[in-house]
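The working numbering puts the sequence shown at residues 18 to 298.
Don't take every hint at face value.
Said to hold, decoys possible - Cross-link-like lysine-lysine pairs, in silico, BS3-like; alpha carbons within 25 Å at most: (1) K34 / K118; (2) K92 / K107; (3) K240 / K200; (4) K20 / K66; (5) K278 / K247.
If you are wondering where the hints come from, they were derived from the structure by calculation, not from laboratory data.
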Amino acid sequence: MSKQVAYLGPQGTYAEKAAHILSKLANFQTPIFVPCNGLHSVIKSLAYKNCDAAVVPIENSVEGGVTATLDALWKFPDIFINKAIVLPIKHALISDGELSKISEVLSHPQALAQCSEWLSENLPNAIPLPTNSTSEAVNMVKGSQFRAAIGSKSLIQIEGLKELAFPINDVPGNCTRFVLLSKESNSNSPNLASFAFSLISNKPGALLKAINYIADFGFNMSKIESRPSKRELGEYIIYVDLEINNQNNIENFLELKNHLKPLCNNFVDFGNYFSENIELD
18 MSKQVAYLGP
28 QGTYAEKAAH
38 ILSKLANFQT
48 PIFVPCNGLH
58 SVIKSLAYKN
68 CDAAVVPIEN
78 SVEGGVTATL
88 DALWKFPDIF
98 INKAIVLPIK
108 HALISDGELS
118 KISEVLSHPQ
128 ALAQCSEWLS
138 ENLPNAIPLP
148 TNSTSEAVNM
158 VKGSQFRAAI
168 GSKSLIQIEG
178 LKELAFPIND
188 VPGNCTRFVL
198 LSKESNSNSP
208 NLASFAFSLI
218 SNKPGALLKA
228 INYIADFGFN
238 MSKIESRPSK
248 RELGEYIIYV
258 DLEINNQNNI
268 ENFLELKNHL
278 KPLCNNFVDF
288 GNYFSENIEL
298 D
């Protein structure tokens, strides 16, 4: 039976590329790709069992964690990360008009932020306008002489527009980690473990004690960041990625969780999974 895979649409986005790559790595047979309007819609589709899997961005090398994804993983503890890939991101400025006439630039907020320096130097008077996706932005600028969109070069052929500039990333090595989510955990040959927790007590040394446990078990943290709990000011959720290797196997991670949970008001395990870098043509 074909699996339905939800992703941030419409067609032509980096999320669609990631969905195809991750589905192949997961050995999905003839998957059906379902574009959704907004990250919340993608994850809710999986949470409410309207699809079998979902592909979402979780982290960018320039802008950091994708907050909508992090918040959703905390909200839906029965959703797990199965696989992850890191894709290089190279944005193009796309339009029907000429560069000198552009007064509005549309794109997903992350793409706008990743190209903010280029825009300030080359289009200082242009107004940035956020959209749900880069593909939506490109679709919205068709036929306009004063609007441009930021998106993948693949969108130029799909929508029949012009490339005004490429690449326009502020950081040449810009990349995004995309994850494949499902209702089932998958720990086959993992190299990362991800989880989040909120502490029982807000007092000196509370977070340090948790971090010391991680160090005592010999794990290397590849990421740690915080997000507001949205319950009260000053209360935060801590998100952590740990590297898993021969020295730090799954058994050690299970033991670590047993030490961390007594310190936590809530602990959510996002899963153990394999992450790899992908080069695009």
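How the hints compare with the structure:
Between K34 and K118, the direct Cα distance comes to roughly 31 Å. Violation of the 25 Å bound is thereby established for this hinted pair. Taking the CA atoms of K92 and K107, the gap is near 31 Å; set against the 25 Å cutoff, the hint is violated. With a C-alpha separation of about 24 Å, the suggested pair K240 and K200 falls inside the 25 Å cut-off, and the hint holds. Restraint check: the Cα-Cα separation between K20 and K66 comes to about 12 Å, which is no more than 25 Å; the hinted pair holds.
Using a Cα cut-off of 25 Å, the hinted pair K278 and K247 holds, with the two alpha carbons roughly 21 Å apart.
Consistency with the previously given hints fails for numbers 1 and 2, ordered from lowest to highest.
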